[in-house]
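Asker: Chain by chain, the residues run as shown.
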Amino acid sequence: MNLHEYQAKELLEQYGVRIPMGITATNVDEAVAAFEKLQAETGTKFCVVKAQIHAGGRGKGGGVKVAKNMDELKEHAGNIIGMMLKTPQTPGGLEGAGKLVSTVLITEDSYLPEFDQCKEYYLSILMDRSTGKNVFIYSAEGGMDIEKVAEETPDLVFKEYIDPALGMQGFQARKIAFNLGMTGKAFKETSKFVMKLYKCFLGIDASLIEINPMMKNGHDEIIAVDSKISIDDNALYRHPSIAEMRDEKEEDPTEVEAKSFGLNYVNLDGNVGCMVNGAGLAMATMDIMKLSGGSPANFLDVGGTADAERVENAFKIILRDPEVKAILINIFGGIVRCDRVAQGVVDAYKNMGNINVPIIVRLQGTNADIAKTIIDESGLEVKSAILLQEAADKVKEVLGV
Amino acid sequence: MSVLVNKNSKIIVQGITGKEGSFHAGQMIEYGTPVVGGVTPGKGGQEHLGVPVFNTVAQAVKEVAADTTIIFVPPPFAADAIMEASDAGIKIIICITEGIPVQDMVKVKSYIKDRDVRLVGPNCPGVITPGEAKVGIMPGFIHNPGKIGIVSRSGTLTYEAVDQVTKAGMGQSTCIGIGGDPIPGTTTKDAVEMLMNDPDTEGIVMIGEIGGSMEADAAKWVKEHGTKPVVGFIAGQTAPKGRTMGHAGAIVGGAEDTAEAKMKIMAECGIHVVESPAEIGKKMAEVLGK
Chain Z
1 MNLHEYQAKE LLEQYGVRIP MGITATNVDE AVAAFEKLQA ETGTKFCVVK AQIHAGGRGK
61 GGGVKVAKNM DELKEHAGNI IGMMLKTPQT PGGLEGAGKL VSTVLITEDS YLPEFDQCKE
121 YYLSILMDRS TGKNVFIYSA EGGMDIEKVA EETPDLVFKE YIDPALGMQG FQARKIAFNL
181 GMTGKAFKET SKFVMKLYKC FLGIDASLIE INPMMKNGHD EIIAVDSKIS IDDNALYRHP
241 SIAEMRDEKE EDPTEVEAKS FGLNYVNLDG NVGCMVNGAG LAMATMDIMK LSGGSPANFL
301 DVGGTADAER VENAFKIILR DPEVKAILIN IFGGIVRCDR VAQGVVDAYK NMGNINVPII
361 VRLQGTNADI AKTIIDESGL EVKSAILLQE AADKVKEVLG V
Chain R
1001 MSVLVNKNSK IIVQGITGKE GSFHAGQMIE YGTPVVGGVT PGKGGQEHLG VPVFNTVAQA
1061 VKEVAADTTI IFVPPPFAAD AIMEASDAGI KIIICITEGI PVQDMVKVKS YIKDRDVRLV
1121 GPNCPGVITP GEAKVGIMPG FIHNPGKIGI VSRSGTLTYE AVDQVTKAGM GQSTCIGIGG
1181 DPIPGTTTKD AVEMLMNDPD TEGIVMIGEI GGSMEADAAK WVKEHGTKPV VGFIAGQTAP
1241 KGRTMGHAGA IVGGAEDTAE AKMKIMAECG IHVVESPAEI GKKMAEVLGK
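Protein chains in written order, with my numbering: chain Z, 1 to 401; chain R, 1001 to 1290.
One should not assume that every hint holds.
Stated by the list, open to error - Output of the computed footprint for chain Z on chain R, the stretches with three or more beta carbons under 8 Å from beta carbons of chain Z:
1. 1002-1010
2. 1142-1155
3. 1173-1186
4. 1189-1197
5. 1245-1252
Stated by the list, open to error - With a straight-line cut-off of 30 Å between C-alpha atoms, the simulated BS3-like cross-links for lysine-lysine are:
6. 1167/R - 133/Z
7. 133/Z - 1264/R
8. 1107/R - 192/Z
9. 290/Z - 1167/R
10. 1007/R - 159/Z
11. 228/Z - 1107/R
12. 1241/R - 249/Z
13. 1241/R - 290/Z
14. 199/Z - 1109/R
15. 1113/R - 175/Z
16. 1019/R - 259/Z
17. 1220/R - 383/Z
18. 133/Z - 1282/R
19. 1282/R - 396/Z
20. 1107/R - 159/Z
21. 1091/R - 196/Z
22. 290/Z - 1220/R
23. 1107/R - 199/Z
24. 1007/R - 1264/R
25. 133/Z - 1091/R
26. 228/Z - 1109/R
27. 290/Z - 1107/R
28. 1223/R - 396/Z
29. 175/Z - 1282/R
30. 396/Z - 1167/R
31. 1241/R - 148/Z
32. 133/Z - 1019/R
33. 192/Z - 1264/R
34. 1167/R - 372/Z
35. 1241/R - 325/Z
36. 196/Z - 1019/R
37. 259/Z - 1241/R
38. 1007/R - 383/Z
39. 1019/R - 396/Z
40. 159/Z - 1282/R
Calculated from the structure, these hints are not laboratory results. We treat Cβ as the ideally placed atom computed from N, Cα and C, and that holds for glycine.
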């Protein structure tokens, strides 16, 4: 689960990580009040207006602006709140529709007054799959695209693996600070900063904490200027307050609805809908569509209990996509009996009345033969198949490719 | 011969009195799997499905000499169950549970690292040696004793491959479902290595998916040490970048973990890669000249 920047900063602050003071706003009046409060409490002259959406590269799309006075603040807040922000990471990229900004974060300008003494760094923590350990990835080349830095100058990107049994050690924190070139007070501050950050990473069951940039200001203080946090969905049960931070507006509404039906659905751009039991088989079914000249309109895993109700819900969700020209149902019955799924398909089809795209049903495994008979004798416009290749051929046939 | 489980295994079921555990333990026993007991803390002394229930794994090891366990414990307690089994001296741990927090698995991996134990899973369909032992949730009847070893990260896609192999006139030595989580106890390479060393396995089917580097690592191992033909398929050729496709581990992050990149490395390492999932069985028959 991804968090907004302001939510991430709330969590970091709880672990004592220094962040710029910030206040959220959903309209210009709130933004004005926020700026006034920041001025009163921090003495900041400028402030930064930052769009709160789940995507990186917000600055590139005009979603992050510095305001030097109240008039500029009103202008920027007015422009950003309610805009459809396009960034390289929003759906369709800079050419796409963008994402609606409903909240902005107004923060103090942490770079002033000693702007020329500030330096930016990159720091992140994530779980490294190949070692099964948590790892810090960090670089003195901050504020930039870290993937680009890693590709072009790999020597400038450092890694520090944490032993799961021992946890983070003091020497590791010092090593990170030294490698970043810190000295004096900034060195001590950095060591403390990374220790707190790791405590936070474990404490909130994060799958990613990225601080980019991490900034050293003119007083040698270390500040998390921008931050991105993702939480391990499997661990949300032990963090009810973080689970409440989920912003469903940031997710595809159809995917949210599918989840409420117990379906795992991902919307894609293609023309053949699919309904499959199991994630691996679902991906394989999408692949075979492509080889048949179609392209998948979705990923949909109906899970272990493909009964009539689930099948009907799945139909409804797939058919909402106007691009869908055919539907391929691929169920490998193990514990799930194919005849029951077949009956589910027939019942759902009848309940829904008019389904005007061709449906190909491939049922294999437990009671597959009975299932085929049920489909074939239902009198519905449904083509049945037993082998995966047959199903693929029938998709090809209905698409006329 | 076979790997991991066979008719001489002494298998216990952790979580045997729960809904899932009870159902699948029943199916396993029906298949003829040598299940010798179960563990549910607080229900020790009872009998369930005709086998004794123990409070701890250690008791089960002591009383019925258990050496293999299958875990159906809910996610908040599953990591603990794995460590308990390892501590009690169980040698083969198969964890079916889906949804274990990643940081719990980081601890488990570290805990079992230097112990004499093999963990398969979590979030996997289990392991089956057809005709001898079904230690998982797969449908038993699609399998046939034979000489093809199967390794896969997925459940139903494994059944698909098994079914194709059976329909092509061959059977399976052992099928290992390693699971779809980011930290698997057994990697693709581990499983391929076991099957490569099994004298009764003639060919190996290796089914992977997007995300991570396990298939590439296995392919490189096969290039160096392979003695038997390997047929490979990678699911997720059409999956978009940055979206998790059902399995927590199935997500394309960088250029290296796309299906295309993996298939290319596998082919370069001498693996017979099929583009279509419908051709797995056919390709194996062709490669073995059957």
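Asker: Does each hint hold? Answer for all of them.
Answerer: To see whether the hints hold, each was checked on the structure:
1. 1002-1010: Contact hint for the stretch 1002-1010 of chain R vs chain Z: violated, 0 residues under 8 Å.
2. 1142-1155: Result for this restraint: holds, n = 5.
3. 1173-1186: Our answer is that it holds, as 3 residues pass the Cβ test (under 8 Å) against chain Z, meeting three.
4. 1189-1197: It is violated, with 0 qualifying residues against the three required.
5. 1245-1252: holds (count 6)
6. 1167/R - 133/Z: violated (42 Å)
7. 133/Z - 1264/R: Distance ~28 Å between residue 133/Z and residue 1264/R Cα, so the pair holds.
8. 1107/R - 192/Z: holds (24 Å)
9. 290/Z - 1167/R: With Cα atoms ~25 Å apart, residue 290/Z and residue 1167/R stay inside 30 Å; holds.
10. 1007/R - 159/Z: Cα-Cα ~46 Å, so violated.
11. 228/Z - 1107/R: Holds, at roughly 24 Å.
12. 1241/R - 249/Z: OK: residue 1241/R and residue 249/Z at ~21 Å, within 30 Å.
13. 1241/R - 290/Z: holds (17 Å)
14. 199/Z - 1109/R: holds (20 Å)
15. 1113/R - 175/Z: holds (26 Å)
16. 1019/R - 259/Z: Satisfied, since the Cα-Cα distance of roughly 23 Å is no more than 30 Å.
17. 1220/R - 383/Z: At roughly 43 Å apart (the allowed maximum being 30 Å), residue 383/Z and residue 1220/R break the hint.
18. 133/Z - 1282/R: violated (40 Å)
19. 1282/R - 396/Z: The hint holds at about 21 Å.
20. 1107/R - 159/Z: holds (20 Å)
21. 1091/R - 196/Z: violated (38 Å)
22. 290/Z - 1220/R: Judged against 30 Å, a Cα distance of about 28 Å means the pair holds.
23. 1107/R - 199/Z: holds (15 Å)
24. 1007/R - 1264/R: Violated. Residue 1007/R to residue 1264/R sits at ~39 Å, over the 30 Å cutoff.
25. 133/Z - 1091/R: Answer holds: residue 133/Z to residue 1091/R is near 23 Å, not above 30 Å.
26. 228/Z - 1109/R: Roughly 27 Å separates the two Cα atoms, so the pair holds.
27. 290/Z - 1107/R: violated (40 Å)
28. 1223/R - 396/Z: violated (37 Å)
29. 175/Z - 1282/R: Measuring from Cα to Cα gives roughly 55 Å; hence the hint is violated.
30. 396/Z - 1167/R: holds (24 Å)
31. 1241/R - 148/Z: Since the Cα atoms of residue 1241/R and residue 148/Z sit roughly 17 Å apart, the hinted pair holds (cutoff 30 Å).
32. 133/Z - 1019/R: Violated, because 33 Å separates the two Cα atoms, which is more than 30 Å.
33. 192/Z - 1264/R: Judged against 30 Å, a Cα distance of about 45 Å means the pair is violated.
34. 1167/R - 372/Z: holds (18 Å)
35. 1241/R - 325/Z: holds (24 Å)
36. 196/Z - 1019/R: violated (42 Å)
37. 259/Z - 1241/R: With a Cα-Cα distance of about 21 Å, the restraint between residue 259/Z and residue 1241/R holds, given a limit of 30 Å.
38. 1007/R - 383/Z: violated (42 Å)
39. 1019/R - 396/Z: Not OK: residue 1019/R and residue 396/Z at ~42 Å, beyond 30 Å, violated.
40. 159/Z - 1282/R: With a Cα-Cα distance of about 45 Å, the restraint between residue 159/Z and residue 1282/R is violated, given a limit of 30 Å.
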